[in-house]
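Visitor: Sequence:
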Amino acid sequence: MQIADGHRMDRDKLIAHTRPVRKNRPTGRMEVHEAMANGDRIAARSTLYVTNRGKDFTMEVYFFGEFAADGRMRRGHTLTRTVPAT
Numbered sequence: 591m592q593i594a595d596g597h598r599m600d601r602d603k604l605i606a607h608t609r610p611v612r613k614n615r616p617t618g619r620m621e622v623h624e625a626m627a628n629g630d631r632i633a634a635r636s637t638l639y640v641t642n643r644g645k646d647f648t649m650e651v652y653f654f655g656e657f658a659a660d661g662r663m664r665r666g667h668t669l670t671r672t673v674p675a676t
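Converting from the sequence shown to this note's numbering requires adding 590 to each position, the first position being numbered 1.
What the hints contain is simulated information worked out from the structure, not anything from laboratory work.
Backbone N, C-alpha and C fix where the C-beta goes; we use that ideal spot for every residue, glycine too.
Check before you lean on any hint, since a few could be wrong.
Said to hold, decoys possible - Just the calculated beta-carbon pair ranges, DEER-fashion: (1) N614 x A659: 34 to 42 Å; (2) T617 x V673: 17 to 25 Å; (3) P674 x D595: 12 to 20 Å; (4) V640 x D660: 16 to 24 Å; (5) R662 x R598: 17 to 25 Å; (6) R601 x F654: 17 to 25 Å; (7) P674 x A627: 28 to 36 Å; (8) R615 x E656: 25 to 33 Å; (9) Y639 x D660: 28 to 36 Å; (10) A659 x E621: 27 to 35 Å.
Sequences and hints are given; from them, build the entire structure.
Guide: This is how it looks when you write it as structure tokens:
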């Protein structure tokens, strides 16, 4: 299960969300500021810098996740906020 900015994303919704992103082929980089793990839980704070169709934008990303016993991601919660590009 993935929740992105309060919206539940099943497999079909995730594919629909990523299809236009892949088509536009934006460039970007992610800067991880903090990441912590405890048992099967992880939390991270990062900044995503993206250029898409000649426009730059920056997003703060807060991620909280839980892994299954086999190492796959069981649950992920992502919160984002667009900030002025630097």
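Visitor: Hints the structure violates: just list their numbers, smallest first.
Guide: Of the numbered hints given earlier, the structure breaks just one, which is hint 4.
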